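K.L.:
Given the sequences, and given the hints that come with them, work out the whole structure.
Residue-level listing of the chains:
Number of protein chains: 2
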Amino acid sequence: MKQCSSLPVIVVGTGGVARSLVHSLKLNNIRIIGVITRGGREAEEYISEQGLAAISYGAKITDPCVCVLSVPDRLVAETAQKIALPEGSVMLHTAGSIDMSELKCSSINYGVLYPLQTLHKLKQVSFKDITVCIESNNSFTKSVLTELANTLSDNVVEISSSQRLMIHLAAVFACNFTNFMYSISENILRDSNLDFSLLHSLIKETTEKALHTSPSLSQTGPAVRNDLNTINKHLSLLADSEKHIYEILTEIIRDKYGKK
Amino acid sequence: MKQCSSLPVIVVGTGGVARSLVHSLKLNNIRIIGVITRGGREAEEYISEQGLAAISYGAKITDPCVCVLSVPDRLVAETAQKIALPEGSVMLHTAGSIDMSELKCSSINYGVLYPLQTLHKLKQVSFKDITVCIESNNSFTKSVLTELANTLSDNVVEISSSQRLMIHLAAVFACNFTNFMYSISENILRDSNLDFSLLHSLIKETTEKALHTSPSLSQTGPAVRNDLNTINKHLSLLADSEKHIYEILTEIIRDKYGKK
Numbered sequence: 001m002k003q004c005s006s007l008p009v010i011v012v013g014t015g016g017v018a019r020s021l022v023h024s025l026k027l028n029n030i031r032i033i034g035v036i037t038r039g040g041r042e043a044e045e046y047i048s049e050q051g052l053a054a055i056s057y058g059a060k061i062t063d064p065c066v067c068v069l070s071v072p073d074r075l076v077a078e079t080a081q082k083i084a085l086p087e088g089s090v091m092l093h094t095a096g097s098i099d100m101s102e103l104k105c106s107s108i109n110y111g112v113l114y115p116l117q118t119l120h121k122l123k124q125v126s127f128k129d130i131t132v133c134i135e136s137n138n139s140f141t142k143s144v145l146t147e148l149a150n151t152l153s154d155n156v157v158e159i160s161s162s163q164r165l166m167i168h169l170a171a172v173f174a175c176n177f178t179n180f181m182y183s184i185s186e187n188i189l190r191d192s193n194l195d196f197s198l199l200h201s202l203i204k205e206t207t208e209k210a211l212h213t214s215p216s217l218s219q220t221g222p223a224v225r226n227d228l229n230t231i232n233k234h235l236s237l238l239a240d241s242e243k244h245i246y247e248i249l250t251e252i253i254r255d256k257y258g259k260k
Numbered sequence: 001m002k003q004c005s006s007l008p009v010i011v012v013g014t015g016g017v018a019r020s021l022v023h024s025l026k027l028n029n030i031r032i033i034g035v036i037t038r039g040g041r042e043a044e045e046y047i048s049e050q051g052l053a054a055i056s057y058g059a060k061i062t063d064p065c066v067c068v069l070s071v072p073d074r075l076v077a078e079t080a081q082k083i084a085l086p087e088g089s090v091m092l093h094t095a096g097s098i099d100m101s102e103l104k105c106s107s108i109n110y111g112v113l114y115p116l117q118t119l120h121k122l123k124q125v126s127f128k129d130i131t132v133c134i135e136s137n138n139s140f141t142k143s144v145l146t147e148l149a150n151t152l153s154d155n156v157v158e159i160s161s162s163q164r165l166m167i168h169l170a171a172v173f174a175c176n177f178t179n180f181m182y183s184i185s186e187n188i189l190r191d192s193n194l195d196f197s198l199l200h201s202l203i204k205e206t207t208e209k210a211l212h213t214s215p216s217l218s219q220t221g222p223a224v225r226n227d228l229n230t231i232n233k234h235l236s237l238l239a240d241s242e243k244h245i246y247e248i249l250t251e252i253i254r255d256k257y258g259k260k
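Protein chains in written order, with the numbering used here: chain A, 1 to 260; chain B, 1 to 260.
Be aware that one or more of the hints could be misleading.
A pair counts as met if it fits within one copy or between any two copies, since identical chains are not told apart.
To be verified - When the alpha-carbon atoms are kept at most 25 angstroms apart in a straight line, the in silico DSS-like pairs for lysine-lysine are as follows: (1) K233 x K104; (2) K104 x K60; (3) K204 x K123; (4) K243 x K82; (5) K142 x K204; (6) K243 x K233.
The hints are simulated quantities; they were obtained by calculation from the structure and are not laboratory data.
Note that this is a predicted model, so its numbers are computed, not measured.
P.N.:
What follows is the structure, encoded as structure tokens:
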């Protein structure tokens with residue numbers, strides 16, 4: 001079994017990432033000093049359910065710790081500066097799009113622990129199979145962070161801030177936009193009194209192919225075949241925003257595959 | 001074990017659907033009379049490799065059979081009319097976007113056997129786990145087709161032409177456009193010297209969620225959070241067509257989720 005990180009952890013926030021982080025820390029017996037929040041009933045209920053200590057922003061932190069900021073990306077820098085950590089501590093954030101340097105005024109030791117996953121309040125998952133991207137400003141942070149990350153996950157990679165931003169951007173396409181395509185699909189079927197589960201085997205196969213071959217090489221569909229009959233038939237069935245999406249994507253796929 | 005269909009089968013075409021159909025017919029010991037093609041080296045090689053008879057369009061077909069047209073959607077009607085089937089035969093097509101009625105001049109008995117899957121020449125798969133949508137013009141066709149489809153697949157559903165067209169449209173979003181999102185993602189990472197496999201666990205989880213909950217309810221990302229900082233940062237990193245896609249999808253997601 002992996003060793004636990006030697007420093008205890010403070011978690012800041014109670015959103016999707018924070019909750020899965022708490023879940024993963026507990027699974028690995030890493031001590032959690034407490035959770036810092038701005039309060040609110042939902043956050044307080046969660047902290048109490050978890051048997052954790054609620055820490056206010058003004059509270060004095062006495063023990064060296066790893067403080068992990070899981071707050072909205074735009075709040076990372078200002079939140080970090082509200083928390084005074086004792087010497088020997090490390091300040092981390094978990095945001096995909098925020099440069100590590102935004103923590104430089106908040107601690108001598110700082111870095112990033114970015115779980116590359118879509119995480120929700122309502123589904124706490126272990127970091128074990130999640131790719132965790134880490135970055136650190138000095139060797140002390142690196143050793144603490146590497147130990148912590150390797151305890152939590154089997155897939156830890158060192159990634160610079162600029163690369164992390166590109167990963168985050170790529171993840172928007174591969175996760176958020178992909179999910180939006182599924183939801184359009186679901187709505188089209190629902191409007192025809194058909195169940196989304198009809199597409200389950202197609203969705204599984206599409207994903208399998210993307211994981212095992214290059215998606216650029218395995219593009220199928222009316223756009224890549226330049227099948228104008230089908231494209232026009234489909235367009236006539238769509239209204240407004242979905243039609244616009246279909247047109248744009250079809251045009252760009254046809255351009256890319258040279259069959260326009 | 002399921003019974004085999006009582007009529008032997010002629011397959012028309014040697015594309016992705018045709019090849020997986022041949023594979024599935026063989027797996028279930030259904031007799032294949034032969035394959036009708038316009039010829040060409042690749043088609044002939046395939047037919048020979050499979051140990052099948054090549055049948056020309058003009059050839060006289062003597063035995064009652066199920067003739068399955070797996071040709072490009074736009075060629076279904078004209079191809080059907082080139083083939084004269086003996087009495088007691090059934091003409092089927094496998095196209096998502098073509099109305100069953102396009103076969104009405106080609107045979108007394110006609111219908112549709114539409115495998116709801118992305119199929120490639122290079123990967124012959126069994127229809128067993130694929131949803132197969134069937135439609136038939138009379139009770140004889142229905143009994144022959146139902147027996148054949150149930151022999152090939154464990155997921156057979158009766159679907160009208162108009163519903164099938166909506167399924168085909170939904171499949172473009174859930175498969176073709178989704179795959180295109182993956183390929184953009186792959187390109188973004190490649191340009192930063194990063195491997196697409198970094199996103200594998202994210203892609204798996206996104207798919208799992210879509211299969212087990214409603215994608216409309218589980219949308220995440222900067223667009224649904226209306227995180228303008230991140231959106232603008234991402235837009236500044238994209239060029240041309242990818243930027244356009246990002247803008248359009250973000251705008252529509254923000255509209256739909258009411259956070260614009």
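K.L.:
Within, between, both or neither: how does the pair K142, K204 come out at a Cα-Cα threshold of 25 angstroms?
P.N.:
neither (38 angstroms within a copy, 29 angstroms between copies)
K.L.:
Regarding K104 and K60, is the shortest C-alpha distance of 25 angstroms or less found within a copy, between copies, in both, or in neither?
P.N.:
within (20 angstroms within a copy, 82 angstroms between copies)
K.L.:
Up to 25 angstroms between alpha-carbons, please classify K204 paired with K123: within, between, both or neither.
P.N.:
Result: close both inside a copy and across copies, 21 angstroms intra and 15 angstroms inter.
K.L.:
Since the copies are identical, ignore which copy is meant and state whether K243 and K82 lie within 25 angstroms (CA to CA) inside a copy, between copies, both or neither.
P.N.:
neither (47 angstroms within a copy, 36 angstroms between copies)
K.L.:
What label fits K233 with K104 when the C-alpha limit is 25 angstroms: within, between, both, or neither?
P.N.:
Cα proximity of K233 and K104: across copies only (20 angstroms, versus 56 angstroms in one copy).
K.L.:
Reference check for the pair K243 and K233, CA-CA at most 25 angstroms: within, between, both, or neither?
P.N.:
Only inside one copy: K243 and K233 sit 11 angstroms apart there, 27 angstroms across copies, limit 25 angstroms.
In this structure, the earlier hints numbered 4, 5 are contradicted, and the remaining ones agree with it.
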